[in-house]
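> Note that the protein sequences, when read in sequence, are chains V and A. Take the first sequence: its position 55, counted from the start at 1, is 37 in this note's numbering, and no numbers get skipped. Here this note's numbering runs 4 ahead of the position in the second sequence, where the first position is 1.
Where hints are given, some of them may not hold.
[Claimed, not checked] PhoX-like mimics (lysine-lysine), calculated; alpha carbons at most 25 Å apart, straight line:
#1 41(V) <-> 26(V)
#2 19(V) <-> 60(A)
#3 -4(V) <-> 134(A)
#4 14(V) <-> 31(V)
#5 19(V) <-> -12(V)
#6 134(A) <-> 19(V)
#7 36(V) <-> 19(V)
#8 26(V) <-> 15(A)
#9 14(V) <-> 134(A)
#10 3(V) <-> 31(V)
#11 58(A) <-> -4(V)
It should be emphasised that the hints constitute simulated quantities derived from the structure, not laboratory data.
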Amino acid sequence: MNIKNKIKITVNGKQMQIIPKFTLKSLITKLKMPINKIAIELNKKIIDKNRISKIRLKKGDKIEIVHFIGGG
Amino acid sequence: MFDKKFKIANKIFKSRLIVGTGKYKSFSECAKAIKTSGADIVTVAVRRVNISNKNKARLMDYIDPKKITYLPNTAGCFTAEDAIRTLRLAREIGGWKLVKLEVLGDKRNLFPEMIETLRSTELLTKEGFKVMVYCNDDPLMAKRLENAGAVAIMPLAAPIGSGLGIQNKVNIKIIRKQTKLPLIIDAGIGQASDASIAMELGCDGVLINTAIAKAKNPSQMAEAMKLAVISGRKSYLSGRINPNLFGSASTSNKGII
């Protein structure tokens, strides 16, 4: 696909380019994220992990993927 | 010896020692210390996944949340909104409702911002969270947190990570007298004797991170803390003698030659 057709999104503060209509599930799969160990925010709204295959990403979307780390 | 169960939000826990998982040299060192501590609750934090290094080790691979209760915290949050966003995300990872609220007000002394802490406790409780609250050692504020729906009161002994031990025993004792909620010392413990003192003051538990994680031998310190908590609890329940300014001989004078 021509690079001009790609759209820009931001994942954890970093810019990424994806093809249009790319789903959130495809993104999680592409990033090799273990779905049962993460939570996902799309434009500051928490996303139900059971619904990610139905969500198509749009230009300018901001995604946060978080997990647990050590803390006190 | 009779002791009531250590119960938080109607769930019974075996150990009165809660351990933090931050500041260890490695996840394996952390996992080893948690094992020797005997803790069945550990605090954890919510942060961004490193998307450029997908093979980086994860806490959940070393500490099984099916075996140990994860207590998500709000470390690094300075407003109620930050704290609520963080805990909603924590809940989404795996359904956690028992949480540790920590809303800070100052980056240097890490003291809690109590107005935001109180507001967060109210909002989170309304959302169905069971909120264990890191707070200062002010009995009046502790009462307000209790009224707002907190499931545990967790006053600091001294600033987070300072290792200074319990600075205000009087306030801790007053909070103990006024509340039936679990009272857990959170922050400021430096050595095992500090944990014993906390328990001797009548606290229900102690939460320790830095004093274990940054000890030269974390695993051994974890065991020392475990024994100190048990020892302090037994001492508290056994009913100490009244302190006396003057001596009282242990040996009878009867039959003296």
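> With reference to the structure, classify each hint as holding or not holding.
Going down the list of hints, with the structure as the test:
1. For the hint linking residue 41(V) to residue 26(V), the alpha-carbon distance of about 15 Å falls within 25 Å, and the restraint holds.
2. A hinted pair counts as satisfied when its Cα atoms are at most 25 Å apart, and residue 19(V) with residue 60(A) qualifies at roughly 13 Å.
3. Distance hint between residue -4(V) and residue 134(A) is unfulfilled; the C-alpha atoms sit about 34 Å from each other, more than 25 Å.
4. Between residue 14(V) and residue 31(V) the alpha-carbon distance is near 15 Å, which keeps this suggested pair within the 25 Å criterion.
5. Annotation: proposed proximity of residue 19(V) to residue -12(V) is violated, straight-line Cα distance about 29 Å (limit 25 Å).
6. Using a Cα cut-off of 25 Å, the hinted pair residue 134(A) and residue 19(V) holds, with the two alpha carbons roughly 21 Å apart.
7. Proximity of residue 36(V) to residue 19(V) is assessed by CA-CA distance (about 20 Å); at most 25 Å being required, the pair is judged to hold.
8. Simply put, residue 26(V) and residue 15(A) have alpha-carbon atoms about 32 Å apart, too far for the 25 Å limit, and the pair is violated.
9. Our distance criterion of 25 Å between C-alpha atoms is broken by residue 14(V) and residue 134(A), whose separation comes to about 32 Å.
10. Taking the CA atoms of residue 3(V) and residue 31(V), the gap is about 18 Å. The hint holds against a cut of 25 Å.
11. At most 25 Å may separate the alpha-carbon atoms for a hinted pair to count; residue 58(A) and residue -4(V) meet this at roughly 15 Å.
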